[in-house]
Amino acid sequence: MTVPSEAGPPVPTAEPHRNASWAGLVGVITLALVLTATYIVAQVIAWAAPEPVSRSAFVKHFLLPEPVPFRVTRILLPIGWGVAALLCLVLLRTRRNGPREAQHAAGPLKAGGAPGMRSEQTVQACRLGILGALLAPFTIMPLSVMVGNVPQMLFCLPPTLAALLLVHRVQLYRRMPGWLLASGLGWGALIGGGFGLVMITWMQRSVPGYFTSGSWERPLDGVRELYTLFPLHTAVVTEVGKAAGVAVLFLLFRRHIDGIVSGLVLGAAVALGYNFMETAYYLNLVNPDHHFTQLWDRQVVGLFTTHVAFTALAGAGIGAARWLPSRRDRLLTSGGGLLAAVGGHFETDVVLMRLDGHRADWFADEALGLLVGIPAMTVVATGVFVALCVLILRRGLKAQAAGLTDALITEAASGRGAVTELEIGLLLSPRRRLLLELRVWRRDGTAGLRHLVRLQQAQLDLATQQWHRRRAGADSFIPEEEPLRERVLELKGTPSSPRPPALPERKALS
Amino acid sequence: MTGSFAVRMITLTTATTALVLGTPSPASAQCAAPTYHGGIPLWIGECPETVAGGASAVVWAVGIAVAGAWIAYALSRPDPREAGDLELIDQVFSHGQPIKSEDDR
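Chains as they are written, first to last, in my numbering: chain A, 161 to 670; chain B, 1225 to 1329.
In short, the hints are calculated from the structure, not lab data.
Owing to the predicted nature of the structure, the values given are computational and were not obtained by experimental measurement.
Backbone N, C-alpha and C define an ideal beta-carbon position, used for all residues, glycine too.
Treat the hints with care, since some could be wrong.
As the list claims (entries may be wrong) - What follows is a set of in silico ranges between Cβ atoms, one per label pair, in the way DEER data are often shown: (1) A:V532 x B:A1289: 15 to 23 Å; (2) A:R614 x B:V1290: 26 to 34 Å; (3) B:Y1297 x A:I200: 53 to 61 Å.
Sequences and hints are given; from them, build the entire structure.
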C-alpha cells in the first residue's frame, strides 16, 4: 500500500515551506551560538578566577585533576568554532558570488539539478555543518559517562523508555511522531546533558579561586553564598540547555509542535534524556555499592517529579508561543516558561537540601526515611511544579478537544469521506480509542493495530490542521489540507479524489 | 569573627569540598536526598541499599502488573459499546481493501 509522506506540501507551495525550514535552521544556529557564548563566558570567568593559593594547604584539595572528557571537550569546542567559522566563510562566498562560484567553493557536485538548486544545497550543507561543529563537542562528557557505566545504563533504560512511552500517550488526541520525542530524548541526554556537565565543571573549577581569595571575616556567609550560587548556576545552565532542545526542535519541526500539549510533552522527553544522563553521572560519582539509592532517587521518585516537571513547563511556554501574533508576547511566554523551569530547579535543590537536614529527626528508621521521607520531601519541594504541569496539560487537552470537535464536525459535514459522523465520537474519546486498539491488537495483531493507529492519527491530524487554519494567528507552517485528506482516504482504502496522488509527482520530480 | 583562621579555613574547605568536589567515603552510604546541582549532598549516613533496590524493583513491577492487569481486564469484559466500535471500524475499512499484514505488503 502506498502511503503519502506525512507533511506532503503540494508542489506550488513548496518554496515558502523550504524557506521557512531554512529560517528555522538559522534560528537553530542562533541558539547554538547562544550556548557557545554562554560557554565562553564561563570559560572567561574561570580564567579570570584568582589562583586558589593561601597560607593553608587545604586549598590543594580544590585542585583535583581535570577530568579527561572535560579536557577533550575544552579542546574540541574551539576546533568546532574554527570549523564553523570556515563554513561561515564558504556560506558568505556562496551568497555573494552566486551559484557558479558556489560550485567551486563546495567542490564538484552531483550531476543533474539546476545551479540555483546546487547553491541552495551548499548553503544548507554549510548551515548543518556549522550546527554540528558548534554542538557535537558537547556530547563528549555524556558519552564518556554512559560508556563507563554500560551495565547501570541498562538498568536505567527500561524506566526511561517506559516513561517516554507514557509521556507519548499523554497526548490524548493528535500525537507528535515518535521520532520527534526520541530526538528530544537524545538532545536531553547528549547536547543538553553535555552542556550542563561542561558548565557545572567550569563552575566547580573556578569557584574555589574566588572563594579562597576573599577576606575570611565572615566564612559562614561565604558558605551560604556558595550554597546559593551553586544550585542557582546549575539551575540556569541545565534548564537553558534543555529548553534549547525544545526550541531547536520547535524551530525545525514546527508543523508538529502546535501548542502547550506538544510543547509540554516535548519538554518532558528532553528532560527524560537529561535525567538518564544525570543518573549515569551520579552512578559514576558514587561508590558502586550505593547505586540502588541513586536509582531509587532518580529513576523512581524523581523520574517525573523533577527534571520532567521543570522542562515540561519550559516546553509548554515555547509551545504556547506559536499562536501569539506579537514577537513580544512570544518572547514573554517562552521566557516565562523558562523562568518557571529555572525557579523550580533552584527551589527544589535548595529545599531538598534543607529538608534533608531534618530527615533524621522525622524518620528514626533509615528504611522509612528512604521509602517515605525522600518521596515526601520531593513532593514538598516539587509538588507545586508537578501540579502546575498537570493543570496546564489538562487545559491544553480541553482546548484541543474543543477545537477538534468543531473541525471534525465540519469535516464530516463536507461529505468527503475522510471522517464520518459515526467516527467523531470515537475520535474524541481517548478511552474508547485505547480499548478499540487493544481489541484490534488481539484480533488482527500488530499490523492491524498499527494501521488503525495510523488512520486515527491521520484523521486527528487533518482535523487539528483545519482547526489551526481557522485561528487568528495561523502561520505558514500549517500543511495543506488536501494531501492530509488523501492520506486518510488512502489509509481507509477508499477511492481517492480525482486529484492525482502527491507521492508519484514528487518522485517524478526527484 | 567566628573562631581562629585555621578553624574557619577547615570549615570552609570541608563544606566546599563536600559540596563541590567531594567523593563519598567507600564505607559510608549516600542516603541523602538527591541533589540536582552536580555535587554530592552533604548529609551522609547509613543507607539500606537492599531496601532501595528492592523498593525500585517493587515500584516498577507493580506498575507493569497494574498495566497488564488493566489490559487483561479490558480485553476480557464484554462491553457492547466496544463491540460497536469494533464493528464501526470494520465498516470503515470494509469500504476498501482488507488490512494486510506487514509481511504481505
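Now for the hints, and whether the structure bears them out:
1. A:V532 x B:A1289: 15 to 23 Å: Since A:V532 and B:A1289 have Cβ atoms about 22 Å apart, the given range 15 to 23 Å holds.
2. A:R614 x B:V1290: 26 to 34 Å: 28 Å, holds
3. B:Y1297 x A:I200: 53 to 61 Å: 58 Å, holds
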